[in-house]
Amino acid sequence: MVCRPKLCNKCFSYSLLGKALRWLNNHPPRSITSWDNLLNKFMARYCPPSKMAQWRMKITHFEQEEDETLRDAWERYSDYFLQCPHLGFEEQFKIKTFYGGLMQEDKMLIDSLCQGKLMTMAPPQITEILEDMALRGYDWGFPRSGRTSNDRGVTRESECSA
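So the sequence shown is numbered by our numbering: it starts at 1 and just counts up by one.
Note that these hints are calculated values from the structure, not bench results. Mixed in with the good hints, there may be bad ones.
[What the hints assert, rightly or not] With a cut-off of at most 20 angstroms between alpha-carbon atoms, the simulated DMTMM-like pairs for lysine to aspartate or glutamate come out as follows: (1) Lys94 / Asp79; (2) Lys107 / Glu63; (3) Lys107 / Glu128; (4) Lys96 / Asp79; (5) Lys117 / Glu105.
Let's have the full structure, built from the sequences with the hints guiding it.
Structure, rendered in structure tokens:
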């Protein structure tokens, strides 16, 4: 999308709600002189360096939760990028980080669907596969309850009481 600065400045207020809209409306007229100026002020207010560092940490240390389905893990991971889309991670890094944080069973499922060639595929192709898996609910086959995992791959069943 090409952003024409004057158009962006005018349309931006229509994309805001609540506190963000009040923040923008509290600026004196003509105090924001360019799209870059508006963007910088907005980012400083709503995505300060400390918040960006938290999002970077969540992304780079992503791990699928013990009872989380592959679909839910993908949606949670994708939401991180919606919260802070400007972090600048390359697509290949995003895919590797997501895949690296998955439970072993889900890695095996993805590997089988990609015929073991996941990391040789182009990022848009991988993203399409993951989106399709999430859409179709490829969560069958691996029960989540009663399972414990350590080190992102060694899985054992929890003890059953008699």
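To see whether the hints hold, each was checked on the structure:
no. : hint            : verdict
1   : Lys94 / Asp79   : holds, 12 angstroms
2   : Lys107 / Glu63  : holds, 12 angstroms
3   : Lys107 / Glu128 : holds, 16 angstroms
4   : Lys96 / Asp79   : holds, 17 angstroms
5   : Lys117 / Glu105 : holds, 17 angstroms
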